[in-house]
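Enquirer: Residue-level listing of the chains:
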Amino acid sequence: MDKAKKNLLEENEATALLVGFIIGTGILSLPNGVVQYAKQDGWIAVIIGGLHPLYIALLAIYYAKKHPNQNILVLSNIYLGRILGTICNILFMVEFGIFTIEGIISVSNIFRVYATPFLTPIKIFIPTILLAIYLSDKGIKVLGKINKICLYLTVILTLVLLVSLKNGSYLNLFPIFGTGVKNIFNGSIESALAYGGMESIFLFYPFLKEKGKGKVKKITLKALFITMGIYTWVTFVCIYSLGYKVTSITLWPVLLVTESINLQALNSFRIVFLFLWSIVMFKIIANEHYAFTYILSDILKIKDKNKLYWFIFPITLYLCMGIKNEVQRRAILGYMVPKITLFIIAYISIIAILIFIKDKARK
Amino acid sequence: MKIKKIVIIFLVALIGYVYADKLKVSPVEELNVSSGYGVDINKELSGNVQYSIPFTVYEFKKKVRLGTGGTTKKAASSKAVGEQSSNIIEAKANSIGQTREDRQLNSSKSIIIGTQKISVISEEAASYGILNLINIIFSNAKTNDRGIFTIGKGKAEDILNFKVEGYASSADYIDGMIRNAIDYNFISGEYTLLDVYVALDSEGKNLVLPYLEIKDKSITFTGMALFKGDKMIYVLPMEESKVMNMLRGKKGKGVLTLQEGPEKYINYDAMVKKKVKCNRREEKYEFTIELDFQGDIKDNTLYKDIKKENESEFEKLMEKKIEKMCNDFLYKMKNVYKIDCLNLGMYAAAKYGRETGVDWNEKVCNSDIKVIVKVKIDKMGRGQY
Numbered sequence: 068m069d070k071a072k073k074n075l076l077e078e079n080e081a082t083a084l085l086v087g088f089i090i091g092t093g094i095l096s097l098p099n100g101v102v103q104y105a106k107q108d109g110w111i112a113v114i115i116g117g118l119h120p121l122y123i124a125l126l127a128i129y130y131a132k133k134h135p136n137q138n139i140l141v142l143s144n145i146y147l148g149r150i151l152g153t154i155c156n157i158l159f160m161v162e163f164g165i166f167t168i169e170g171i172i173s174v175s176n177i178f179r180v181y182a183t184p185f186l187t188p189i190k191i192f193i194p195t196i197l198l199a200i201y202l203s204d205k206g207i208k209v210l211g212k213i214n215k216i217c218l219y220l221t222v223i224l225t226l227v228l229l230v231s232l233k234n235g236s237y238l239n240l241f242p243i244f245g246t247g248v249k250n251i252f253n254g255s256i257e258s259a260l261a262y263g264g265m266e267s268i269f270l271f272y273p274f275l276k277e278k279g280k281g282k283v284k285k286i287t288l289k290a291l292f293i294t295m296g297i298y299t300w301v302t303f304v305c306i307y308s309l310g311y312k313v314t315s316i317t318l319w320p321v322l323l324v325t326e327s328i329n330l331q332a333l334n335s336f337r338i339v340f341l342f343l344w345s346i347v348m349f350k351i352i353a354n355e356h357y358a359f360t361y362i363l364s365d366i367l368k369i370k371d372k373n374k375l376y377w378f379i380f381p382i383t384l385y386l387c388m389g390i391k392n393e394v395q396r397r398a399i400l401g402y403m404v405p406k407i408t409l410f411i412i413a414y415i416s417i418i419a420i421l422i423f424i425k426d427k428a429r430k
Numbered sequence: 056m057k058i059k060k061i062v063i064i065f066l067v068a069l070i071g072y073v074y075a076d077k078l079k080v081s082p083v084e085e086l087n088v089s090s091g092y093g094v095d096i097n098k099e100l101s102g103n104v105q106y107s108i109p110f111t112v113y114e115f116k117k118k119v120r121l122g123t124g125g126t127t128k129k130a131a132s133s134k135a136v137g138e139q140s141s142n143i144i145e146a147k148a149n150s151i152g153q154t155r156e157d158r159q160l161n162s163s164k165s166i167i168i169g170t171q172k173i174s175v176i177s178e179e180a181a182s183y184g185i186l187n188l189i190n191i192i193f194s195n196a197k198t199n200d201r202g203i204f205t206i207g208k209g210k211a212e213d214i215l216n217f218k219v220e221g222y223a224s225s226a227d228y229i230d231g232m233i234r235n236a237i238d239y240n241f242i243s244g245e246y247t248l249l250d251v252y253v254a255l256d257s258e259g260k261n262l263v264l265p266y267l268e269i270k271d272k273s274i275t276f277t278g279m280a281l282f283k284g285d286k287m288i289y290v291l292p293m294e295e296s297k298v299m300n301m302l303r304g305k306k307g308k309g310v311l312t313l314q315e316g317p318e319k320y321i322n323y324d325a326m327v328k329k330k331v332k333c334n335r336r337e338e339k340y341e342f343t344i345e346l347d348f349q350g351d352i353k354d355n356t357l358y359k360d361i362k363k364e365n366e367s368e369f370e371k372l373m374e375k376k377i378e379k380m381c382n383d384f385l386y387k388m389k390n391v392y393k394i395d396c397l398n399l400g401m402y403a404a405a406k407y408g409r410e411t412g413v414d415w416n417e418k419v420c421n422s423d424i425k426v427i428v429k430v431k432i433d434k435m436g437r438g439q440y
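As given, the protein sequences belong to chains C and Z, one line each in that order.
Each residue of the first sequence is one higher than the one before, counting from 68 in the numbering used here.
Each residue of the second sequence is one higher than the one before, counting from 56 in the numbering used here.
Hints may contain errors.
[To be verified] Among chain C residues calculated to face chain Z with C-beta under 8 Å, some are:
| id | residue |
| --- | --- |
| 1 | Pro242 |
| 2 | Ser327 |
| 3 | Leu330 |
[As the list claims (entries may be wrong)] BS3-like mimics (lysine-lysine), calculated; alpha carbons at most 30 Å apart, straight line:
| id | chain 1 | residue 1 | chain 2 | residue 2 |
| --- | --- | --- | --- | --- |
| 4 | C | Lys233 | Z | Lys329 |
| 5 | Z | Lys270 | Z | Lys208 |
| 6 | Z | Lys305 | Z | Lys339 |
| 7 | C | Lys233 | Z | Lys218 |
| 8 | Z | Lys116 | C | Lys233 |
| 9 | Z | Lys306 | Z | Lys375 |
| 10 | Z | Lys319 | C | Lys233 |
| 11 | C | Lys133 | C | Lys374 |
| 12 | C | Lys212 | C | Lys391 |
| 13 | Z | Lys425 | Z | Lys359 |
| 14 | Z | Lys218 | Z | Lys116 |
| 15 | C | Lys233 | Z | Lys332 |
| 16 | Z | Lys363 | Z | Lys418 |
| 17 | Z | Lys371 | Z | Lys286 |
| 18 | Z | Lys339 | C | Lys312 |
| 19 | Z | Lys359 | Z | Lys332 |
| 20 | Z | Lys283 | C | Lys391 |
| 21 | Z | Lys270 | Z | Lys339 |
| 22 | C | Lys312 | Z | Lys77 |
| 23 | Z | Lys60 | C | Lys208 |
| 24 | Z | Lys308 | Z | Lys197 |
| 25 | Z | Lys286 | C | Lys312 |
| 26 | Z | Lys283 | Z | Lys306 |
| 27 | Z | Lys59 | C | Lys374 |
| 28 | Z | Lys308 | C | Lys205 |
| 29 | Z | Lys387 | Z | Lys332 |
| 30 | Z | Lys60 | C | Lys190 |
| 31 | C | Lys233 | Z | Lys363 |
| 32 | Z | Lys418 | C | Lys312 |
| 33 | Z | Lys393 | C | Lys312 |
| 34 | Z | Lys283 | Z | Lys363 |
| 35 | Z | Lys353 | Z | Lys429 |
| 36 | C | Lys372 | Z | Lys57 |
| 37 | Z | Lys319 | Z | Lys332 |
| 38 | Z | Lys57 | C | Lys374 |
The hints are simulated quantities; they were obtained by calculation from the structure and are not laboratory data.
All values reported here derive from a predicted model rather than from experimental measurement.
Backbone N, C-alpha and C fix where the C-beta goes; we use that ideal spot for every residue, glycine too.
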């Protein structure tokens, strides 16, 4: 019993894991997407976009209260029946699969533009996928610890962006609310897509060590505020120092901002930033991959995950090779992610309603 | 277990070889490291434009000096001193990207692009437009975004070819000159590539770059080039640029003088901070620029003594003089240049809305601009002789 308990997540690790599912490759390009619609009010759009994970967080708290030991895979089978439940689980798994592939391609694109242009994509895909498989094989406790380290790294790196504030002008942010509510709302939809990943809480809240009252509440809300804070801060810094037009032209505005920070020995802070941020990017790929294989092994009822990896590796590799460059990747994502997000919201809400109804009926 | 270790080491070596195969690493003496580049344009009669982009590259030469005498065995010293100088590699083509091909044909070593500290754009190329150049620079991830952009009189190649004593290349000299120019003339130093990207794309902002000339056997910073969009329109001499910088930058340092004769003057070395307020009445804009000067009296041969009354008298006279300087410049800006070189459009856009289709150059030149100056004396040195 003790050994099993050792493998459960502490509160800090769970918070870090949740943040780790959301913050990853998206942060470097989030300001670009948001600023296309919301212009200089991009940072407000990012705050409003936080409503999406907030909603999911509230639902998660409700789930954990009613069914603290059963994760969503089991619950969907209970409430929606075997066939429909399994279909929904498969779609849930597909979401994590898409995020994994998207993360890998994003890492490859960033490296091939900024760091290692001499590598072909496949040379980056293979080690990344192997690394993700290796990390996710270690289990959720190890993942939690890695995420904790990466959380500290994320916070420190984004705080260093403070230094670039001296190169900007507050005028770039004005007039506040000048773009109009409709544009800010469209921008917040873009940012809501970057917040995707909160739904992973539904998979691992049974793994918490302490399932007391309000633990899940504490974890999800803390993770939510950390994520919202970091995303808003990063968008704010990009608009402040670059202005919204340049932010909408650069594919990775955050890296352009890091260029303005001067380090003595190196040319710019961008190199250090990218080097340390790559750790964060690998972490999110490992996270998503873990979620994917976890659901897959649950659906197929296969305990030994090694057999799964033999299949997952070539399929992932093949899918990654399909998307050629960054612009294509964003177009495909822009098409698929809204549908996925809507599905997730609908799916989770329906099960919540069913839980509520059954609960009332029991009383 | 041993087999496992051997297999792992073998795999690591194999992977390392496969990955590092394409990596080109060579010592710096075998690469052409560029310290600066110039942009020239040849406009042909047929309407074609030929871009000429010379690169200044470092040359690493070794001079071997033999030691004196050979009487003792110890004194067989031969020192090899590395000397740095620079060369120009030319490149001409019909598009900027193609000049890279032409350039490599003129060079014995591989050329590294993106390490440049400065770029000198000739007047003709700047008047033609720098947007194409900015496009290719922006797209290159390896560009040094803190490199400085300057405009040169005549041909950029001549400025880059100019040999400056004690410096490996004229590019190093120009780099130092512009970075250290912020001590005087109210120069802001915001002439890096990042500033150019932001200025070209910001509403209400107009680009201003340093203007270099070869004068009296050296390269000097003689004025500022005014841009409208991405094309250079005017060149302001240093006296006018000084006033423009005073009104344009967030802060700056410079020397102002009250002079009543060849021997009677006061030199005031001040730091200025600027605040702008913008108002709109119907279609007409009103700008109020507040300049706060605080500085030291460096030299005083005008008054016999600086006492309390003289101090305030000096402050008032200085304020009036600065206001007159600013108003003269503003008159010229509104009627002759007709460009918003003070970036006042930025403040108006921040208050009244962006992308409303307003031409800020026109609006600012038709607006009322008022300058309020405050002068304060800080220190007066050791004493008056």
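Enquirer: Could you tell me which of the numbered hints above are not met by this structure, giving the numbers in increasing order?
Expert: 3, 7, 8, 10, 11, 12, 13, 16, 17, 19, 20, 21, 22, 24, 28, 31, 34 and 37
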